Amino acid sequence: MDAALIPKGVKRCPLPQFLGALTVVSVVLLWGVYAMLLCWLKGLNQTNMNNAYGFALWIWADLAVIALGGGAFFTGLLRYIIGKDELKNIINFAVLLGFICYSSALLILGIDVGQPLRGWFIFWHANVHSMLTEVAFCLTCYFFVLCIEYVPLVLENRQIDRVPFFHNLSHNMHEIMAVFAATGAFLSFFHQGSLGGVSGVLFARPFGFREHILIWPYTFFLFTWSAAACGPCFTILITKITEAISRKKLVKDNVIRLLAKIAGWMLLTYIFVKTIDTIYWAFVTAPSKGFVLNFFYTDNAFYGYWILFLEIVLCGWVPAFLLVVKKTRENNKLLWIAVFLGALGAMVNRWVMVLQVLAIPVLPFENWALYIPSWQEVATTILPVAYGIILVMISFRYMPIFPQEQELNPIEPPTPEVEPAAAADAEETPADEDPAAPEGDLQPAQA
Amino acid sequence: MKKENAKRFGMVIDLDKCTGCGSCMVACMAENNVPFREDETDKLLSVAWMRVYKLTNGKAFPDADECFLPRPCQHCEGHHGHSPCVSVCPATATDYDASTGIVSQIYTRCFGCRYCMAACPYHVRLFNWWDPVWPDGMEKMLNPDVSVRMRGVVEKCSFCFHRYQLARQQADYEERGEVAENEYQTACTQGCPAGAIVFGDLNNPDHEVTRLAQPDLSHEGKSRNPKAFRLLERLGTNTKVYYLSSREWVRRLGDNYQVKAAQHQA
Amino acid sequence: MLPFISFEWVSDTVHFVFHGALWYALSVLGMGMTYCIVKAAYDTIKGKAGDHH
Amino acid sequence: MKIDRRSFLSFAIGGAAGTALTPLPWKLTDDMSIWSQMWPWTPVPARGAVTVVKSACTLCPGGCGINVRKVDDRVVKIEGLPDHPVNDGSLCTLGLAGAQLLYGPRRVKTPLKKVNGRFVAISWEDALAEVSEKLSDLRAKGGAHTVACISSSDRGTVAELLARFLRVFGSPNFIRMPSSQDAYEVALYLTQGVRAIPGFDVEHSDFVLSFGSGLLDGWGSPVYLFKAHSQWRDQGGKLIQVEPRLSRTAAKADQWVPINPGTEGALALGIAGVIIKESLYDEKFVNSHSSGFQEWKRLVIDGFSPEIVSKVTGVKVTVITELARSFARANRPLATGGRGKGTSPGSLKEVLAVHFLNALVGNLGQKGGSWAVPEPEYIDWPELEMEQAASTGNQQTRIDGAGSDIYTHARYLANRLPEALLTDPGYQPVQVLFISEANPAYSLPDTTAFKDAVAKIPMKVSFSSYLDETAELADLVLPNHTYLERYEDVPAPSGYPLPIISLVRPVVEPKFNSMHTGDAVIQLAKALGGSISKAFPWDSYEECLEETLGDKWESLMEQGYWVDSEYEAPGWSEAFETASEKFEFTSREISALGNYSLVKPEGDEAFFPLVLIPFDTMRLWSGYVGSPPFLIKSVEDTLLQKNEVLVEIHAATADSLGLGSGSTAVLTTPKGKARVKIRTTEGIMPGLIALPRGLGHTANDRFLAGKGVNYNRLAGPVEDGATGHDAAWGIRARLAKA
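Chains as they are written, first to last, in our numbering: chain A, 1 to 447; chain B, 448 to 713; chain C, 714 to 766; chain D, 767 to 1504.
Don't read these hints as lab results, they were simulated from the structure.
The reader is advised that the hints may include incorrect statements.
[Said to hold, decoys possible] Under the rule of at most 30 Å between Cα atoms (straight-line distance), these lysine-lysine pairs were calculated in the DSS-like manner:
1) A:88 / A:261
2) B:501 / D:1004
3) D:907 / D:1292
4) D:1043 / D:1063
5) C:759 / A:84
6) A:84 / A:248
7) D:900 / D:1300
8) D:1004 / B:506
9) B:490 / D:1408
10) A:8 / C:752
11) D:1082 / B:506
12) B:501 / D:1408
If you're wondering where the values come from, they're calculated on a predicted model, not measured in any experiment.
Turn these sequences into a full structure, and let the hints steer you where they fit.
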């Protein structure tokens, strides 16, 4: 039925199967929307946040998706500015993931603030000294950039591309994409950094606070760096997942390996600097404020040294080495593990820098403040995941996201076998493709 | 930055006198239209500008000892007015007033991002998780000098700034240049039956508060009074609320929080 | 956000640098997009069709 | 089709772009934010003319002056009255929250009558007619004495009007709610021969030895005590707190002396023994102005040596002797008794033991000492004309037995009411019960028994402004104005050493269809006619009050209070009106009451291995007025979590029961059981459970009801052998995992 919309030269699963999977994900989405409406209509009492935990699951999700969306800016930087031409084969997907991450982040922020209708005060009454202002400005601007980068993809849909104006528009946008990418890289650099600055500048929160270079705390640079390192890991991870679900190769190994290698070196340098930062903070910064390292990791029900180990060693040094060393990088299984750990590392880091900062009692007569998110918080956090899956499904089905797909998967005569498990796979993961589906349904009969 | 006759309003709370009765809390609630709910036992959800903490010395019976510590907003001056919360507010909804030393909060400007709450180590900033509701007829006791806060914004102790405004108006009306010490007092100071709270201008050597706090301005206001301490002084928050205690363990617990760290280390 | 209109505006270095960067980025994006759209419209009227990539 | 799609797309995109260029979206965005800044459901307090009215607080016996700030006709804030001798400008938690009692949802808005178990509104005429008919009926049948009245106070015009009404009607059954004043009054009478109110010049004392008195937990006149405490801090006065639990008072004290509960009197006698033995007492006083000293001395020295006392009390011998020495050597030492807020009379012998310490150091009537403040004399109404029915009725034995052969010294014995009413004498001893400014169904020990007893009374009339536990039991509720809507005199604040009267005046017009209890009484009297009517020659309460206060009225209206600041306690040679005209350490009467003995808590030790004791806090009020919402809000989370109360228990005791901090347990006493949460602490003696007073309301409003457990539901009275007063200080209990 929708064959006319599907890019030329690629196979997609039958429409009912696609719609079925879409429906399942949409139910999750609607659950999230319901929770979101509850938060908007009834207020933030729907959450389990409190006055000790003003920032909680959402802000973590925000920081995490933005870090993971960092693949977009960094791949763009490599592709358009540094000129790593091979990356053009993955840049579309990176942009798509970036777009999803950033739009999700903005949505979550829209739920998280107590007065969403006044959210624009952050622009209108901007306090330039606030890291959050910097975040808001750069985040929004960079979201524009991502839109600009994503729009040509949409315009390349077979049907839209037929309209001459849109065809020309997408062509022109491609022409000057480097300018946009450069602006985006600049913006992204700053807001990734300013997100790091958010806890880094809290001089009365010794766990988050870091020394400064000019106005920027070390976390400013660490966040940008880690986003550049872990974002590409996430891009690779999702690409691999998409490949696994669609059961076809979408990006050539050399492209993935190049990106993995760069991510590996970024991660290695990042974790090296992060380790130094942690040691300096633990033995200089924190004691200067009257705290010893042990205090931050003991006497509570959750945060132990394990989280430090998880972040720095398991999700830092380990994937860094796995990606830097050619032999392990080119081992498919180890690559999977490495990019997974890399992405997880960013998420753990963001968790620590948001939630652990607030969990620690600074007043000597207060207790640790631990919290468990309410279902409304969980649902609204899953909402963007569902939304992302839907967007990937639609984009993958109707837009030429992977330029190498056609070459890697030449259309062959129909295979007789049918994989019944495919539908189930499609429910859970961001791809919709079932390579084993009968070819007949893909015929553009209804076009 | 500092104006010629700038005020630096501050407080001294004598913990030897404070009995932890809670009058300061109630006086504040009544003065500042603080809402109340059926269940206020979760103190992390409860809006109370003034909160009285109970400190324990950690010793076993019968050597156990307790001390009560009222905690209003500390009105941090930081370095040059750089209080932890003010600089982080993205929408300029909170401000450090260099002419009074008071950290203000504009409720209609705040859009509820709660960054300031994350920044404040004293938990003085409180979020309105619920719409404020007064049972039918009870809204009659609302004070028109203080606006009621809508759901979704952050609020905090203002050192009863509205009282300063009223006193200033009166002084201007009577063509007096200055507001006298007793003309501007916070509701908690006035309410405290123990007289444990002293409020005034820390820049004015004639004010009782200055006499007690003995701030050393060359050391960011650190007190010269050996009985005095400020909460978490070492963080550099440079607060304007001084505490007096003759008990060493109280001073150590409130000020030198390394004690706690050391306990944890041991 | 805007000099003269927003009363929070302070004419100091921080504001100039910060907002300068913001407005610079916005201008680049705005002008870039305007260029693309205008050129696309022009090309469409002229009947030109550019090739992809 | 193709064209349609194209034009649709163009239209949509063009339309969106076009709209974005108009001011509309910007205007809407701005409007939305402005709307969010003034949500119609967020109240905006109305502005208006600001006035301040001087009045007085009646919420506790503390007698503070208040300044009520009004905006137009609204009460906005209550503050202390500057320069008032008792509170000088500051106020306690309850007083500060007073406006919530005026506007809160617990008010009774109109007279109510219970019909088939439910309250229905009724007019004042009908309500008063119903009462007066019942009363004349009773009186005609010779049952005048079966009318009783429970009141929180017997001082001031309202209480006196009620008492007068009962007397002229023919009933002796005016009952004051119990307090430590009960035992003190007897002690003052027995030792000094005076009918007086205990007063303590705490602010001038420099060494206060408190036997469990919650001096900083609401004892006496709280604000006055707080101010005195601060003065000690400034001027080097010492406070020693003898108490099994680290109360706020103990925490603020210079020394906390933990003691086995209920043995405070023994410690006082032990200290007295040391003082006597080491001849540290005031020889001038003891030798020239006391009698029976030698006899008492022998008793003390023999029976209460430090070693014996140490064994009984758990206080070390060295501590006892040290306390005795420092107490006796202080310039102006003062000993106080009456546990917690002093809401329970306690054992007379214990109060005497403490009082004797004051006598030993010669502080009676002295600066910084223990005073006998004369009862206020301004209420001087015409003699009653007693009809036959009245005289007969008044000669009947009181329903509570006070003043009878068994309970010679007691004036009121509210604690004996349930027993009296539940023991069936073959007829109903109380036909009509008035309750004024008291909530016995909540605040008398063993509330279950009280409720059962009250259920037997055919007509219960409550004058309460609030629908409290007792009002809920009533057949008629005749709501009084709240203290912010009425006139009233507040004499003799609890424990305050000088004669003082403060004036309550209407700050606002009555909000609801309520009536001053004074007016209600006058109208009832008028309806009954005859000598009863004649006994109330005033048209209104206001007229009565103005006339009663006479020349003080003006200064009261002007200043808000009247104080006899010149008052000085009479010298030792004139002070004592005993037979010997001296202070009596022993006398025939005192000896007749038996020796000091410990009051045992109710319950079998084998089944109830622990002891439950109550404690008071300024953040909860346990008297007639239940805590308003602000007070409940100020309660710590170490005391109340959600609706569950936390009991304090020593960590080791909790351990032995397999209970940890935060766990839920069932607390059982001989009187009942309740679910509680456990809070372990080092601030309490092992083996004890401490439960705050003031929680566990079932009535009032939703901010107060249903939270925690009422101590009085779990506790019962223990009759003092000497007086009949309630001498209980705790009750045996057990705790088990829930």
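Checking against the hints above, which ones are violated?
5
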